[in-house]
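Undergrad: Chain by chain, the residues run as shown.
Number of protein chains: 4
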Amino acid sequence: MGNTSRRKTEHIRLCLEEQVGGEGITTGFEKYRFRHNALPELNFDEISLTTTFLGAAVRTPLLISSMTGGSELAGQINDRLAEAAERRGWAMGVGSVRAAVERGELAPTFDVRRKAPSIPVIANLGAVQLSYGFGAAECQRAVDIAGADMLVLHLNSLQEVFQPEGNTAFGGLLARIEDVCRALPVPVGVKEVGWGIDGATAKRLREAGVAFVDVAGAGGTSWSQVEKFRSADPVRRAAAEAFADWGIPTAECIREVRAAVPDAALIGSGGLNTGVDAAKALALGADLAGFGRALLEPAVHSEERLDALLERVELELRTAMFGIGAGTVPALRNTPRLVRREV
Amino acid sequence: MGNTSRRKTEHIRLCLEEQVGGEGITTGFEKYRFRHNALPELNFDEISLTTTFLGAAVRTPLLISSMTGGSELAGQINDRLAEAAERRGWAMGVGSVRAAVERGELAPTFDVRRKAPSIPVIANLGAVQLSYGFGAAECQRAVDIAGADMLVLHLNSLQEVFQPEGNTAFGGLLARIEDVCRALPVPVGVKEVGWGIDGATAKRLREAGVAFVDVAGAGGTSWSQVEKFRSADPVRRAAAEAFADWGIPTAECIREVRAAVPDAALIGSGGLNTGVDAAKALALGADLAGFGRALLEPAVHSEERLDALLERVELELRTAMFGIGAGTVPALRNTPRLVRREV
Amino acid sequence: MGNTSRRKTEHIRLCLEEQVGGEGITTGFEKYRFRHNALPELNFDEISLTTTFLGAAVRTPLLISSMTGGSELAGQINDRLAEAAERRGWAMGVGSVRAAVERGELAPTFDVRRKAPSIPVIANLGAVQLSYGFGAAECQRAVDIAGADMLVLHLNSLQEVFQPEGNTAFGGLLARIEDVCRALPVPVGVKEVGWGIDGATAKRLREAGVAFVDVAGAGGTSWSQVEKFRSADPVRRAAAEAFADWGIPTAECIREVRAAVPDAALIGSGGLNTGVDAAKALALGADLAGFGRALLEPAVHSEERLDALLERVELELRTAMFGIGAGTVPALRNTPRLVRREV
Amino acid sequence: MGNTSRRKTEHIRLCLEEQVGGEGITTGFEKYRFRHNALPELNFDEISLTTTFLGAAVRTPLLISSMTGGSELAGQINDRLAEAAERRGWAMGVGSVRAAVERGELAPTFDVRRKAPSIPVIANLGAVQLSYGFGAAECQRAVDIAGADMLVLHLNSLQEVFQPEGNTAFGGLLARIEDVCRALPVPVGVKEVGWGIDGATAKRLREAGVAFVDVAGAGGTSWSQVEKFRSADPVRRAAAEAFADWGIPTAECIREVRAAVPDAALIGSGGLNTGVDAAKALALGADLAGFGRALLEPAVHSEERLDALLERVELELRTAMFGIGAGTVPALRNTPRLVRREV
Ligand SMILES: Cc1cc2nc3c(=O)[nH]c(=O)nc-3n(C[C@H](O)[C@H](O)[C@H](O)COP(=O)(O)O)c2cc1C
Ligand SMILES: Cc1cc2nc3c(=O)[nH]c(=O)nc-3n(C[C@H](O)[C@H](O)[C@H](O)COP(=O)(O)O)c2cc1C
Ligand SMILES: Cc1cc2nc3c(=O)[nH]c(=O)nc-3n(C[C@H](O)[C@H](O)[C@H](O)COP(=O)(O)O)c2cc1C
Ligand SMILES: Cc1cc2nc3c(=O)[nH]c(=O)nc-3n(C[C@H](O)[C@H](O)[C@H](O)COP(=O)(O)O)c2cc1C
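Protein chains in written order, with the working numbering: chain A, 1 to 343; chain B, 1 to 343; chain C, 1 to 343; chain D, 1 to 343.
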């Protein structure tokens with residue numbers, strides 16, 4: 001097993017077994033509540049989840065966030081996620097394809113298109129790799145490996161700090177992202193990994209040609225917490241603790257980015273657990289709502305467990321829509337019934 | 001025992017034994033406090049609770065909310081509640097009369113008029129039944145069965161979702177409610193069952209001809225929580241959890257509905273436990289204050305226990321009125337001494 | 001032992017042994033904080049506590065609130081309190097003198113003047129007694145019995161409700177208070193017993209001729225809680241629970257009353273425990289700061305314990321004054337360094 | 001061992017073993033949060049911590065707060081702190097040099113210059129000593145003993161109250177401070193010891209000629225708490241409890257003092273534990289961020305432990321700067337990315 005494979009497997013294991021959530025920080029969704037509409041004037045069975053993302057039709061406004069690939073276990077997880085996504089009509093991202101770009105024999109573990117012919121598939125690379133020799137060609141290769149419709153570059157500055165031998169040369173990255181956006185024939189997006197993207201940063205990215213932004217905000221998985229468990233260096237480990245509450249809450253990111261770049265496609269993710277969270281993400285302005293770590297344990301466990309979870313999220317989403325009288329995704333996205341909770 | 005009877009009995013049992021209150025949500029009454037008036041300038045013994053509801057005189061501004069009927073146990077509970085209500089001058093609603101409309105032999109379990117000749121009695125049906133074949137005739141039948149002065153239709157959208165084979169066709173319901181209001185000789189009201197009615201919805205209902213609104217707000221009994229215990233389907237059960245904090249707090253509903261429909265009769269209910277809660281409901285604008293689940297255990301236990309509870313609520317209400325120097329229900333409803341608690 | 005004596009002794013015992021504080025309510029002092037002045041520019045040893053109350057000089061701005069009398073134990077407590085007050089220059093009130101007005105042989109248990117020749121002494125009667133036969137003559141008699149400089153009438157509406165055979169005829173009381181104020185040669189004040197007096201009520205009282213107001217606000221001893229322990233009636237006992245958070249917080253009362261009646265003498269009391277609380281009461285506008293139940297246990301225990309407590313309160317008060325650079329009581333009362341805590 | 005030595009050793013022991021933090025008060029840093037910048041556009045390895053303080057270059061914006069000296073243990077601690085500070089480029093203060101001014105043989109325990117040739121060293125005396133015979137000559141002697149670049153006078157009014165035979169003559173101190181500022185050839189600053197300096201006081205001090213202010217705010221070590229453990233007098237000990245929440249939170253002090261004296265050098269200290277705290281102190285306007293008690297246990301334990309702590313703080317500071325995209329100390333001090341947390 002190579003270094004990267006070992007790291008990926010360790011990430012999965014830690015996310016399954018340890019307390020890797022932030023501390024002293026939440027998604028911010030709990031600051032909002034839906035105001036019940038006692039007389040919804042619609043039939044529950046007619047509620048529709050179909051929507052579009054970057055011009056393509058999708059059966060649900062839901063996404064499986066970029067998580068894995070690059071080892072045997074990871075490949076099995078990706079297969080299972082892809083099959084479920086295809087069955088239920090969720091979009092799906094894969095984890096960073098870098099390992100497969102560098103070592104071709106890992107490519108099959110990222111090939112979710114094979115199992116998911118009809119849904120939007122998103123390839124993934126660390127944006128900072130653009131400072132370490134990657135360019136448009138490697139990006140295109142990542143897209144091809146996953147059979148993807150688009151590429152998302154992730155920004156993970158603090159993870160790189162806490163990771164042994166992390167790649168922390170973030171200088172000049174915006175120009176390199178701009179180059180990739182121009183060169184690639186598919187849409188290119190940018191995401192964080194759990195600390196969130198704010199409005200001003202989204203604007204800079206949009207002006208550089210990015211087609212979509214996935215906020216991947218704080219309140220869910222915290223990568224300083226994950227790397228804390230991996231680090232052998234006691235100073236680094238202790239320092240990671242001070243960042244357990246770092247990041248911009250997901251709800252705040254969504255609201256800001258939607259206001260700052262009204263014309264960009266927007267994914268709301270980071271700490272989502274239920275279809276009510278998803279409904280809030282959409283009502284705050286997201287086009288899709290993404291789920292990461294919440295899917296990991298079911299995906300590792302069994303097809304049945306994973307299916308039950310996706311089904312539950314959809315039922316919660318539909319029920320929330322029924323509860324406020326929104327029969328379609330556009331109606332949900334424009335609802336005046338999401339309000340801030342008073343303190 | 002038919003299906004409906006079994007469901008009714010199960011509801012009662014769950015409400016007696018399980019944690020069926022919402023979680024992460026409160027009535028909102030705790031956000032208000034009365035400002036003590038050290039010099040009330042009135043005699044405690046002369047405080048009067050008499051008031052009027054829809055033009056009729058009542059001895060207290062208190063109501064036993066719609067709860068049951070349709071089985072032997074339910075009939076006994078209704079008898080006990082009716083006797084106590086008659087003794088103390090509370091108004092009283094019965095649970096949904098649908099079962100008795102469909103199966104005449106159940107009618108006696110709803111006939112509270114027999115035990116309660118003088119108080120206002122309110123018949124009850126699910127509004128959504130109007131989408132499933134019920135019309136003015138069945139509504140009138142429900143009124144007759146209970147010997148009621150008026151009818152209340154309940155809106156329970158989310159309960160129907162979480163209930164096996166729930167009736168979820170809420171499309172076009174407003175027009176059907178309007179038809180019933182026009183056709184029936186008695187006043188027709190609308191209530192929720194624990195998620196609350198907001199100002200805008202009350203306005204729509206009022207314009208459709210509804211005579212009174214019972215907000216039945218959140219913070220007390222939560223029907224997603226009740227149905228969670230009944231559901232055999234694990235996905236549905238898990239999804240119900242996400243709605244444990246759903247609904248509009250009772251205090252917020254009362255304030256909004258009073259402002260939106262100043263001329264409609266208004267019942268404040270949902271999570272009331274004490275006469276101080278009732279005093280707050282009235283001071284926020286309600287004409288009557290309704291108690292549901294708080295009465296269930298005493299009613300099942302004994303006449304004495306039930307009487308003691310009603311007496312306690314009245315004593316608390318009188319004491320609160322004495323504490324702020326309000327000698328009558330109108331004075332309480334106009335008090336400037338109910339203020340929001342600072343945070 | 002007569003009924004009244006038994007009640008007095010029971011009150012003392014309950015206040016010593018049971019949880020008789022309010023629940024869900026505080027004095028409001030915790031909402032304020034003093035902003036430290038690092039460079040006070042004064043010598044700690046020169047800080048002066050002397051002040052005046054209703055024109056008379058006092059050695060400290062501190063008061064022992066009206067508590068007891070009317071039984072042997074009560075008489076001993078009064079003696080001990082009086083001796084300590086005299087030694088340290090606190091003002092002192094006695095408990096309701098009604099029992100001694102009615103039964104002359106109890107008079108010595110209220111005669112604190114004997115032990116406290118130089119300090120201000122305040123006699124005490126329930127205002128509501130004016131609805132039950134008491135008039136100016138009985139008031140004068142109460143003053144004489146205590147050897148007092150002034151009289152305070154207490155308003156305790158809710159205590160009377162929860163007390164067996166309470167006197168609850170509060171109608172027309174203001175006019176009767178006005179008569180007493182006019183008739184008596186000494187200043188007459190009004191106090192609550194732990195639910196507080198607000199600005200509007202203070203204004204009504206002031207216009208009726210009251211010389212001083214003691215807010216006796218909420219957050220300390222709650223008399224519904226005390227009477228709950230005494231009541232044999234389960235309904236009354238249960239109802240008392242609903243009033244555990246009743247009343248206006250002491251800090252709020254002081255601020256309001258000071259603004260409403262700028263020219264009246266003002267005692268800030270209710271829930272004070274430390275000299276920092278006292279400093280806040282004075283900075284909010286009180287002329288004297290009163291301590292009730294906090295003194296009871298030390299007074300019952302020993303002269304030493306009581307003295308240590310009074311000394312501690314004074315040291316805390318002086319230290320707070322040093323901490324904000326206020327060398328005199330007037331400077332403290334005008335400090336800009338008391339601010340509301342942000343939430 | 002003399003009295004002073006014994007006191008110093010006891011202070012160290014109590015700070016190591018007892019709960020000497022304030023209660024019910026915090027630094028206020030938790031009210032602020034940094035807004036993550038997902039695209040920092042800089043290389044982590046190029047982040048620079050160099051800055052200047054009173055015109056002199058320093059390798060980090062970090063300071064070891066005045067703590068000790070005057071006994072053998074204290075001398076060893078100072079040596080260890082000085083060596084670490086020199087290695088890593090932190091500024092360093094010594095504890096009050098008074099003992100060594102009075103007894104020359106103690107001077108070596110304060111001579112940190114010997115171990116720390118290149119960093120800014122700050123001598124320390126109690127300001128109140130100026131009321132007890134100390135003047136410019138003694139101040140100069142303190143500077144010489146420590147081999148210091150500057151002197152800081154500490155204001156510790158409440159500590160003196162709770163300390164046996166404390167020096168509490170704070171009257172006229174400002175003029176005496178002014179004299180020292182004028183007479184000394186080195187810059188003179190003023191600090192508190194854990195209750196904070198507010199804007200108005202800083203202004204008075206600045207106008208008296210003080211070159212720098214160290215707020216030493218509340219939320220960290222509380223000296224009423226420390227002296228509580230030392231006091232043999234039960235009244236004084238009990239009174240100290242009432243001051244456990246006294247003082248102005250460090251974050252509030254920094255913001256105020258920066259606004260009130262924009263041209264003075266400013267040290268933000270009091271309760272700092274991490275480099276994220278330091279980053280907040282700097283972003284709020286401090287020139288240096290000071291650490292006191294957090295360093296004590298590591299300094300007593302071993303060189304390695306102390307070094308690891310300093311290294312951790314620096315790593316946290318750098319990571320926070322990376323997280324918001326600030327590559328230099330001036331950029332951090334001007335960041336718009338420090339915002340108040342909503343409640
Ligand atoms: C096991 C695991 C692996 C991940 N790997 C990647 C990755 O390779 N690339 C990426 O952009 N994000 C990765 N993420 C981050 C997620 O896409 C997501 O942004 C983040 O976990 C926050 O969402 P959550 O709180 O729903 O988990 C990973 C997350 C998990 C839990
Ligand atoms: C056992 C039980 C049965 C109920 N059945 C009905 C019903 O048949 N029709 C109806 O409109 N509401 C029904 N409700 C709802 C109540 O009328 C009330 O709106 C709700 O419980 C909120 O009030 P509470 O918090 O005081 O219980 C029922 C409530 C309970 C506890
Ligand atoms: C044992 C006890 C007896 C009291 N008796 C009287 C009384 O006779 N008259 C009166 O005006 N207040 C009486 N009070 C009320 C106090 O004067 C005071 O207003 C109240 O206790 C609130 O202050 P505290 O929280 O400091 O105790 C009594 C209080 C206590 C604890
Ligand atoms: C053991 C100890 C001794 C101290 N001695 C002094 C002193 O002699 N002079 C002084 O100005 N401050 C002294 N201080 C106060 C510190 O300089 C600092 O202002 C205070 O502890 C608050 O910072 P902290 O919360 O980081 O400890 C001392 C602090 C400690 C913990």
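Among the hints, erroneous ones may be present.
[Said to hold, decoys possible] Simulated crosslink set (BS3-like; lysine-lysine; CA at most 30 Å straight-line): (1) B:Lys31 <-> A:Lys31; (2) D:Lys203 <-> A:Lys203; (3) C:Lys31 <-> D:Lys115; (4) D:Lys31 <-> A:Lys31; (5) B:Lys31 <-> B:Lys203; (6) B:Lys115 <-> A:Lys31; (7) A:Lys31 <-> C:Lys31; (8) B:Lys31 <-> C:Lys115.
[As the list claims (entries may be wrong)] Covered, in the sense of this in silico footprint (three residues per stretch, anywhere, with C-beta under 8 Å from a C-beta of chain C), are these stretches of chain D: (9) 205 to 211; (10) 242 to 255; (11) 258 to 270.
By construction, these hints were calculated from the structure, which means they are not laboratory data. In this text, a Cβ means the ideal position worked out from N, Cα and C, and glycines have one as well.
Undergrad: All hints, please: hold or fail.
TA: Taking the hints in turn, this is what the structure says about them:
1. Simply put, B:Lys31 and A:Lys31 have alpha-carbon atoms about 17 Å apart, close enough for the 30 Å limit, and the pair holds.
2. With a CA separation close to 42 Å, the supplied pair D:Lys203 and A:Lys203 exceeds the 30 Å bound.
3. At roughly 48 Å between alpha-carbon atoms, C:Lys31 and D:Lys115 are farther apart than 30 Å, so this suggested pair is violated.
4. A threshold of 30 Å between alpha carbons decides the hint, and for D:Lys31 with A:Lys31 the separation of about 17 Å falls inside it, so the pair holds.
5. Proximity of B:Lys31 to B:Lys203 is assessed by CA-CA distance (about 25 Å); at most 30 Å being required, the pair is judged to hold.
6. Of the supplied pair hints, the one linking B:Lys115 and A:Lys31 is violated, its CA atoms being roughly 48 Å apart against a limit of 30 Å.
7. At roughly 24 Å between alpha-carbon atoms, A:Lys31 and C:Lys31 fall within 30 Å of each other, so this suggested pair holds.
8. With a C-alpha separation of about 48 Å, the suggested pairing of B:Lys31 with C:Lys115 is violated against the 30 Å cut-off.
9. For the region 205 to 211 of chain D, the assignment as covered by chain C is violated, since 1 residues bring a beta-carbon within under 8 Å of that chain's beta-carbons and 3 are needed.
10. Restraint check on the region 242 to 255 of chain D versus chain C: 6 residues with Cβ-Cβ distances below 8 Å, three needed, restraint holds.
11. Remark: the region 258 to 270 of chain D is not confirmed as covered by chain C, as 0 of its residues place a Cβ nearer than 8 Å to a Cβ of that chain, below the required three.
Figure legend: structure checked against the earlier numbered hints; hints not met, in rising order: 2, 3, 6, 8, 9, 11.
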